Structure formats: C-alpha cells, structure tokens
Amino acid sequence: MQQDLIRIRDLSVRFYTYEGVVHAIDDLDLDIRQGETLGIVGETGSGKTMTALAILRLIPYPGKIESGSIVFFDRDGGGELDLLKLSEDKMRSIRGNKISMVFQEPGAALNPVYTIGDQISEVYLLHRRQELGHRAKQRVDSLLSDGSGFASALRRPFWRWQSRLYDKIAQDSHSVEPRFLSHVPLFRRLLRRLRDEAKLLTVDMLKNVEIPDPARVAAQYPHQISGGMKQRAVIAMALACSPELLIADEPTTSLDVTIQAQMLELFRRIKADRGASVVFVTHNLGVASEVCDRLTVMYAGRLCEVASVEDMFLHPSHPYTKALLDAVPIPGKELQTIPGALADALNPPPGCRFHPRCPSAMPMCQRERPKLKEIGKDHMVACYLF
Amino acid sequence: MSDWKFMARQLTRNPLSLMGIIIIVFFVIIAIFAPLIAPTPEGHRDAYMIPRDGYSATPQPPSEEHRFGTTQGQYDIFYGVIWGTRSAFHVGLVVIGVVLAIGILLGSVAGYFGGVLDEVIMRITDIFMAFPGLILAMAIVAVLGPSLRSVMIALTVVAWPSYARLIRGDILQVREEDFIEASRGLGASSGRVIIRHALPNAIYPTLVMASLDIGAIVLAASALSFLGLGAPEGYADWGQLTSFARNWIVGPPGNPLKYWYAVTIPGLFILFFVLGWNLLGDAFRDILDPRLARR
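Residue numbers (the working numbering), protein chains in the order written: chain A, 3 to 388; chain B, 210 to 504.
Possibly wrong hints are sitting among the right ones.
Sample of chain A residues lacking proximity to chain B, with all beta carbon distances greater than 10 Å (derived) [what the hints assert, rightly or not]:
| # | residue |
| --- | --- |
| 1 | D29 |
| 2 | S95 |
| 3 | E107 |
| 4 | E124 |
| 5 | D174 |
| 6 | K324 |
| 7 | P350 |
Stretch-level coverage of chain B by chain A, calculated; a stretch enters the list once three of its residues show a Cβ under 8 Å from a Cβ in chain A [stated by the list, open to error]:
| # | segment |
| --- | --- |
| 8 | 279-291 |
| 9 | 392-399 |
| 10 | 403-414 |
Per label pair, the in silico range of CB-to-CB distance [as the list claims (entries may be wrong)]:
| # | chain 1 | residue 1 | chain 2 | residue 2 | range |
| --- | --- | --- | --- | --- | --- |
| 11 | B | A310 | A | S291 | 31 to 37 Å |
| 12 | A | F160 | B | A310 | 32 to 38 Å |
| 13 | A | D328 | B | E328 | 46 to 52 Å |
| 14 | B | M347 | A | Y20 | 40 to 46 Å |
| 15 | A | L145 | B | K214 | 29 to 35 Å |
| 16 | B | R222 | A | P214 | 29 to 35 Å |
Don't read these hints as lab results, they were simulated from the structure.
Bear in mind that the values here come from a model prediction, so they are computed numbers and not experimental data.
Ideal Cβ placement from N, Cα and C applies to all residues, glycine included.
Whenever a hint applies, use it, and build me the whole structure from the sequences.
This is the structure in structure tokens:
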C-alpha cells in the first residue's frame with residue numbers, strides 16, 4: 003500500500019452568488035497517493051477544476067472553502083500540514099514549489115509581455131533564491147580567483163561586494179541588504195547574476211521537457227511559438243521546482259491528437275523520473291486510461307466512484323460511470339448520450355444527485371445521499387445498488 | 210538593444226509620428242536653451258517674469274528690439290513664448306506624473322482586489338467626475354489663490370479620476386486572464402502579481418491617454434491663465450500671453466489684422482505643442498503593445 007501524499011476530508015466549496023448558494027463541491031473525501039497518477043473525470047461543471055484549485059487554495063471569488071481539511075504529507079521534512087489552515091505566506095511558499103499546476107489553455111497561461119525564459123526564471127527567483135545565491139557566489143568567487151590584469155583589478159571591488167551579497171542571500175533569502183538594493187536603480191545590477199543563474203536553470207528545464215533549441219525558445223515571446231511548445235513551456239514552469247504534486251487541469255484538451263500523445267508521453271516520463279504524484283483532470287476517458295493509475299468519477303460536486311483504471315473500465319459500477327463509458331464515441335455506432343442535463347448547481351436534487359437521470363433509480367435515492375462503500379480492493383462506489 | 214531599434218523603427222516609419230517627435234524635440238530644445246535663445250536682461254531678477262518695455266496698453270509690432278513684437282502692457286512676446294515653453298513642460302509633465310501615480314495606484318488596487326475597496330474608490334471618482342472639470346478647477350484655484358501651483362493642483366484633482374477608472378477597467382479585464390491565476394499558482398504575492406503581471410498588460414491605454422493629455426493639460430492651464438486664474442501677471446506662460454491679447458483680437462476699423470502677432474504667435478505655440486503630443490500619443494500606441502509588435 004502506497005502512502006498518502008494528500009488526504010482530503012469533508013471538503014465543501016460554495017459560491018455565494020446573487021441567485022443563491024452554489025454547492026460546487028459537497029463533502030468530498032479523496033486521497034492522493036505518493037507517486038501515483040490520479041485521474042479526475044466528469045462532465046463540465048462537475049467540480050473537477052474546483053477540486054484542483056481547492057488544493058492550491060485558489061478558489062476564485064465569490065467562492066469559498068466552507069469546511070473540511072486538506073492534509074499534505076510533505077516528504078521533505080515538512081511533516082503533516084493542513085493546507086486550509088496555513089497562513090497565506092506559507093501557502094505561497096508551497097504553490098509552485100511543492101504543489102504546482104498546469105492550466106488548461108497553454109496560450110492563456112503565459113503572460114504575453116514576457117519571454118518564456120523570463121516567466122520560468124520567475125519561479126526560480128520566487129522559490130529558489132538561496133540556491134541561486136549560492137550558485138552566483140560560486141561564479142563570482144571563481145572570477146575573483148582567476149582574474150588577473152588591469153580590467154579585473156578594477157572590477158575586483160565590485161566582485162567582492164557581489165560575493166558578499168550573494169552569500170547573504172544564500173544564508174537567508176530574506177536578508178535585508180540585498181532586498182533593499184534590488185529596489186535601487188543601478189545597484190540592482192549587482193544582483194543581476196541571480197537572474198543569469200535562473201536563466202541557466204530555465205534552459206536546462208526547457209531541455210528536460212524536450213524543447214529543441216531551448217536557449218532560443220527562452221528568448222521568445224509566447225505568441226512566437228506553437229501551441230505544443232507553449233504547453234511544454236507551461237509544464238516546464240510547473241516542474242521548475244520539482245514539486246511533489248503536479249495538478250494538470252485538462253492539459254491536453256486544446257492540443258491536437260499527435261501533440262496530445264507527445265504530452266502524455268512527457269507526463270509519464272516526468273513522473274517516472276521524479277517520483278512525483280500527478281492529478282490529471284480531464285473529461286477525455288481515452289486520455290485518462292492512457293496515463294492514470296487510479297480514476298475518480300465526479301458528478302455535480304460529489305464523488306461517484308473511485309477505482310483503479312482497469313477496474314473502472316472493466317467493472318464500472320456506478321450507473322453514472324457506466325453511462326459515461328457508454329457515451330465514448332465508437333466509429334460506426336450511434337453516439338450514446340446520457341439523458342437529461344447536469345444537475346442544477348443552485349437547486350441540486352435531494353439525495354443522490356444523479357437520480358433524475360439514473361436508469362436504476364430507487365425511491366431511496368431521492369431521500370438520502372448514498373455513502374461511499376468499498377466493493378472491492380481499492381474500489382469505492384457511492385450508490386445504493388451495492 | 211533590439212527593442213530600442215524596434216521602437217525607433219516604428220516611430221520613424223509613420224510620417225505623422227515622426228512629425229510628432231520632431232515637434233516635441235523642437236520644444237524640448239527651446240525649453241533647454243531658453244536662456245541662450247532669449248537671454249534674460251541684466252538686472253532682471255526672476256527669469257520667468259517677462260521683461261516689459263514701458264506701460265502702454267497698445268501692442269507694438271515686431272521690430273529689431275522685439276522680434277515678435279510686444280503685447281498689451283509692452284511685455285516682450287518672443288521672451289514670453291520661449292520661456293513659456295518651460296512653463297508648459299513644467300505644468301504638463303508634473304501634473305501628468307502625479308495624476309498617473311495616483312491613478313495607477315488607486316485604479317489597480319480597486320480593479321485587482323474588487324469588493325468593498327473597489328466600491329469606495331469608484332464612488333469617490335464618481336463624486337469628482339460629477340463636477341464639470343473646468344468649473345471645479347476654477348473653484349479650486351479661487352480657493353487656493355491664483356498661482357501656477359494652484360493651477361497644477363486644480364488640474365491634478367480634476368484629471369486623476371478618469372485615470373483611476375481607465376486603469377481599473379483594464380485591470381479588471383486582465384485579472385480574468387489565466388496567466389494571472391497561473392502566476393498566483395506559482396506562488397507570487399498579490400503585489401507582485403499586480404506589478405509584474407497585471408499592470409504591464411493593462412497600462413498601455415493609460416500611457417497613450419497620458420501623452421495625449423499632456424497637451425490637454427497645458428491647454429486647460431492656458432484656459433485658466435486666460436481667465437486670469439493662473440500665474441501672476443507678467444509670468445512667462447502662453448495662456449497669459451493669449452489673455453493679454455484678448456482686447457486686440459480685432460484691430461481698428463479698416464485694419465482688422467493690425468495686432469495679429471499678439472494673438473497668433475502664442476496661439477501657434479499652444480497649437481503645435483498640443484498637436485505634437487497628440488501625434489506622439491498615437492505613435493506610442495503603435496509601439497508599446499508587445500502583442501502587435503515584433504512579428
């Protein structure tokens with residue numbers, strides 16, 4: 003049995019809109035294990051993305067995490083952290099560092115006014131300041147020991163000053179003197195080497211996500227590179243600090259099929275290389291079956307079924323899962339649809355939220371909410387049929 | 210470096226923006242070299258006060274001694290327009306600078322954080338915008354006492370709300386972009402997100418408006434001077450010079466253009482200054498937006 007990385011309990015997210023309270027996520031229990039790829043599938047509006055955003059505590063206004071806990075078991079000595087109880091400062095040091103996210107539209111997730119290199123460097127400058135300071139100091143020190151001649155004699159005092167500054171950063175990333183100087187024009191240039199070091203790491207990272215000619219791409223603006231390239235750049239940005247959990251929100255939806263296949267391959271390789279866990283949010287069951295170890299099916303903000311990929315496809319149990327699998331288009335056969343529309347989030351049906359569309363609904367389903375039941379090894383279903 | 214080259218090429222490619230640059234550069238040169246172009250007479254204490262040659266009310270035509278003639282009260286027009294260029298830059302740049310600072314600060318905070326803060330800031334701008342601009346400016350100058358400084362304060366008070374609104378609107382739009390959420394997802398703080406990610410994408414319309422407004426601010430300052438609410442009498446200021454010419458727009462019967470120089474010369478300076486900034490503002494629009502650029 004693998005250990006848990008994230009343990010979500012009783013998570014509820016609500017949106018307070020003018021029309022009423024929207025229950026985007028309702029008492030969700032979910033475990034993410036170390037080193038696994040967990041797929042979250044469901045229709046549009048089923049709460050997949052909200053679950054992902056809740057883990058990062060980035061639920062947009064007017065949404066609120068109402069209750070519950072998200073416990074993060076930090077492998078690198080952080081211990082157990084309830085993400086919902088952390089201060090905003092502490093949370094910021096986790097975002098992009100221990101837990102990071104790849105957004106749906108690679109084009110929109112990149113800032114059009116900065117080069118790719120600038121944007122990835124920013125992650126290093128935010129979270130790896132000490133390491134950058136250390137590297138920069140080594141570089142300056144080697145200049146100090148090698149340099150000879152008149153030009154280097156002139157620059158020596160500056161190098162000494164730089165060396166001292168970088169040492170301070172390496173000791174304490176919030177050290178006062180370098181932080182103050184970074185806001186003063188001209189003196190700011192003393193700290194330029196931090197940026198240079200970040201650029202070097204960035205180029206390495208771009209190479210890692212199989213971008214050809216990474217140095218050139220790093221100097222380009224988002225609109226100058228193709229969609230697949232942008233997605234690779236976004237993935238590079240998310241992986242920059244070797245996070246323990248990577249949340250990918252429909253990362254392949256806007257890409258064509260060949261690029262999609264390359265991306266899935268990339269995700270598999272990265273996971274194998276780094277041993278990180280991946281949460282893969284998608285509505286494409288084919289993609290989910292390709293990359294995931296376990297799958298969860300969500301409907302209207304609740305879990306329907308959790309199972310390993312094989313179990314889910316071979317023995318789908320929840321009526322909604324079955325309907326979802328039947329709705330996968332097969333060439334030559336008429337497309338099956340699920341009758342009815344997704345439950346109204348403002349006035350959700352009582353009891354099991356799927357009962358108005360369920361072929362095997364019972365009177366019981368209208369009254370009470372079914373609990374998650376274990377029906378096999380690692381296979382949980384929330385349905386009265388079991 | 211290539212960015213600068215790119216900007217230079219964009220600016221010089223369009224003949225209109227090139228003209229704008231030439232006009233503004235011309236005025237900058239005049240302002241810098243004012244003491245050489247129109248030397249202050251010996252024994253004259255304040256260089257910004259126009260030297261006068263007598264007290265007669267009737268303007269005198271251009272002559273050897275007064276190249277552009279003299280206006281009512283025998284103030285030298287040439288000296289006035291040259292040193293008035295400095296006043297124009299002074300008023301225009303300082304007012305726009307302060308207005309931009311206030312507008313960007315309040316507008317971006319209101320737009321990014323939204324909620325109660327947004328409501329409060331926007332209702333304050335509503336109150337300021339409910340008054341007709343020039344009337345409010347006149348009232349403020351009347352309270353503070355006529356001087357160039359009160360004119361600048363009055364124009365700042367009148368101008369900042371529209372900047373705050375413009376910035377707020379653009380920030381609101383940018384705030385919804387995925388890359389803002391992405392940068393928060395990477396662990397950036399609110400201040401960093403606003404300054405590094407939201408503002409650079411939202412500020413271009415404001416910068417264009419600012420450069421267009423420098424001319425408008427100088428025009429408004431001239432209008433206040435014209436009404437007698439600006440700088441003290443005799444201060445080198447284009448609005449004041451046009452104000453002196455108020456009674457001499459039409460000459461005596463039979464020779465209506467007799468005093469043309471008193472009206473036309475300061476008027477042309479104002480016209481070209483405003484025109485120059487307007488052309489330059491359009492040029493900025495073309496070069497500042499990185500998405501249009503570098504294809």
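Hint check results:
Residue placement check: D29 (chain A) keeps its beta carbon more than 10 Å from all beta carbons of chain B (closest about 25 Å). For S95 (chain A), the condition that its CB be more than 10 Å from all CB atoms of chain B is violated, with the nearest at approximately 6 Å. With 10 Å as the threshold on Cβ separation, the claim that E107 (chain A) sits away from chain B is violated: the shortest Cβ distance comes to roughly 6 Å. Taking the minimum C-beta to C-beta distance to chain B, about 7 Å, the non-interface status of E124 (chain A) is violated against the 10 Å cut.
With 10 Å as the threshold on Cβ separation, the claim that D174 (chain A) sits away from chain B holds: the shortest Cβ distance comes to roughly 18 Å. At roughly 34 Å from the closest C-beta of chain B, the C-beta of K324 (chain A) stays outside 10 Å, upholding its exclusion from the interface. Non-interface status of P350 (chain A) relative to chain B is upheld: no Cβ of that chain comes within 10 Å, the nearest being about 26 Å off. Coverage of the segment 279-291 of chain B by chain A is violated in this model, with 0 residues showing a Cβ closer than 8 Å to a Cβ of that chain against a need of three.
Counting residues of the segment 392-399 of chain B whose beta carbon lies closer than 8 Å to any beta carbon of chain A gives 7, which reaches the threshold of three, so the coverage claim holds. Only residues whose C-beta sits within less than 8 Å of a C-beta in chain A count toward coverage, and the segment 403-414 of chain B has 4 of them, enough to reach three; the restraint holds. The hinted range of 31 to 37 Å is not satisfied by A310 (chain B) and S291 (chain A), whose Cβ atoms lie roughly 56 Å apart. At roughly 33 Å, the beta carbons of F160 (chain A) and A310 (chain B) sit within the given window of 32 to 38 Å.
Checking the proposed 46 to 52 Å range against D328 (chain A) and E328 (chain B) shows it holds: the Cβ atoms sit about 50 Å from each other. About 43 Å separates the C-beta atoms of M347 (chain B) and Y20 (chain A), a value consistent with the hinted range of 40 to 46 Å. Checking the proposed 29 to 35 Å range against L145 (chain A) and K214 (chain B) shows it holds: the Cβ atoms sit about 31 Å from each other. The hinted range of 29 to 35 Å is satisfied by R222 (chain B) and P214 (chain A), whose Cβ atoms lie roughly 34 Å apart.
The structure fails hints 2, 3, 4, 8 and 11 (numbered hints given earlier, in ascending order).
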